[in-house]
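Asker: Sequence:
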Amino acid sequence: MPTIIEARSKGDLKRFIELPYSLYAGDAHFVPPLRRDEYRRFDSRHNPFLQHATITPFIAVDGDRVVGRVAAIDDRLHNEVHGERVTWFGFFEAPDAATGRALMATVEAHAARLGSTVVRGPVNPSMHESLGVLVEGFDDDPYALMAYNPPAYATYVEAAGYGKVKDLYSFGLDMTVPLPERIVRIADRVRHRYGITIRPVNLKRFDAELEILKTVYRAAWADNWGFVPPTDAEIRQLAVELKPIVDPELVLFAEMNGEPVGCTVSIPDVHQVLKKMHGNLLPFGVIHFLRRKQIITRARMLLLGVMPNARKLGLYPLLIAEAHARGARNGYRQAEVGWTLEDNTLINTGIEAAGARRTKVHRLYEKPIA
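Per our numbering, residue 42 is the first one in the sequence shown, and the count goes up by one each step.
Errors might be hidden in some of the hints.
[Claimed, not checked] No farther apart than 30 Å at their CA atoms in a straight line, the calculated lysine-lysine pairs in the DSSO-like style are these:
id	residue 1	residue 2
1	353	334
2	334	245
3	55	245
4	316	334
5	51	316
6	205	284
7	317	55
[To be verified] Quick list of the computed label-pair ranges, beta carbon to beta carbon:
id	residue 1	residue 2	range
8	106	238	54 to 60 Å
9	353	281	31 to 37 Å
10	62	230	48 to 54 Å
Derived from the structure by calculation, the hints contain no laboratory data.
Even for Gly, the Cβ is constructed at its ideal location relative to N, Cα and C.
Sequences are here, hints too, so could you generate the full structure?
Answerer: Laid out in structure tokens, this is it:
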């Protein structure tokens, strides 16, 4: 049985971060993240999430080899917003169920010391980033900012006593196929009835546009399960990181009488580039990055939101139709819409009505510990 230790030193943190690159070496669908970005997750100088949270990484060591890992995440802002005492787990990797149980027992002991009553996850390291155990959809590469794992991981987590708390759906959409006529008609009717205008983001007004996006995002998602409004610093960091790959035609604002009432944010699937970079910008990764427009044929719609005072106007079909038209015109052939909560019937029904089909499910688990 491997020994579980906290990755306190720089050397142990490096072993924690490097594990997936060897563990998934033969997996055709694994997309190696940039090592630089992985190290920055654990550095408070680069990750504003750490202003209100603590990530404690653990590794499973067998002899001189690291065979598994997990992190305990104490998100104080989440607990304050939701009135809970949750410790989250994330960055879970294990070679077998026994190691998985040992890793999760370590997280539970850590959570008990913090006074938590439940362990929930996985999140890497929050619900604003990749999350969930993939339980459906193993025959495709993950899209940008989405989690991937072997099929056995769900059984490992469940063997440690964890039960499902929420499923997250992702939907595949063939961009080469026209949207159903019904959706196009609804979109046109909504546009003209309410005088809705759709415009792309203006990157030359980056700060002002970010303020609009921030307002819509926080208001539109306020009632979603588990939602914690990201801090200004977190939103800015993500926006700055994504800005080099943003296609303005995929970031759209819906406005009525000059005021924002909704938005949709899609990003080119940078995973198609990262897969060729093997986790490094140098020596050849930068070449692939510079050629990204020739490589990327997929996009992920990661945000689709409408302000509470406009939810009865039928803006979802309009936003989806506009994003589809602009994306297809710009050469994207496939798209993923998600994630969405399994019980968000309004959104899920609208996405399926546009011709998308559910292709992936990520599952969040939890276990009471007190």
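Asker: For residue 205 and residue 284, compute the direct alpha-carbon distance and say whether it is at most 30 Å.
Answerer: violated (35 Å)
Asker: Given the hint of 54 to 60 Å, is the C-beta distance from residue 106 to residue 238 inside that range or not?
Answerer: holds (58 Å)
Asker: With a cut-off of 30 Å on the C-alpha distance, tell me whether residue 353 and residue 334 pass.
Answerer: Measuring from Cα to Cα gives roughly 37 Å; hence the hint is violated.
Asker: Within 31 to 37 Å: is that where the Cβ-Cβ distance between residue 353 and residue 281 falls?
Answerer: With Cβ atoms ~35 Å apart, the hint holds.
Asker: Check whether the Cα positions of residue 55 and residue 245 lie no farther apart than 30 Å.
Answerer: violated (38 Å)
Asker: Would the pair residue 334 and residue 245 pass a check requiring their Cα atoms to be no farther apart than 30 Å?
Answerer: holds (20 Å)
Asker: Decide if the proposed pair is consistent with the structure: residue 316 and residue 334, CA atoms, cutoff 30 Å inclusive.
Answerer: holds (15 Å)
Asker: Given the hinted pair residue 51 and residue 316, is their Cα-Cα distance within 30 Å?
Answerer: holds (26 Å)
Asker: With the threshold set at 30 Å, check whether the alpha-carbon distance from residue 317 to residue 55 stays at or below it.
Answerer: holds (22 Å)
Asker: Against the range 48 to 54 Å, how does the distance between the Cβ atoms of residue 62 and residue 230 compare: consistent or not?
Answerer: Holds - the Cβ-Cβ distance for residue 62 and residue 230, about 51 Å, lies within 48 to 54 Å.
The earlier numbered hints that this structure contradicts are 1, 3, 6.
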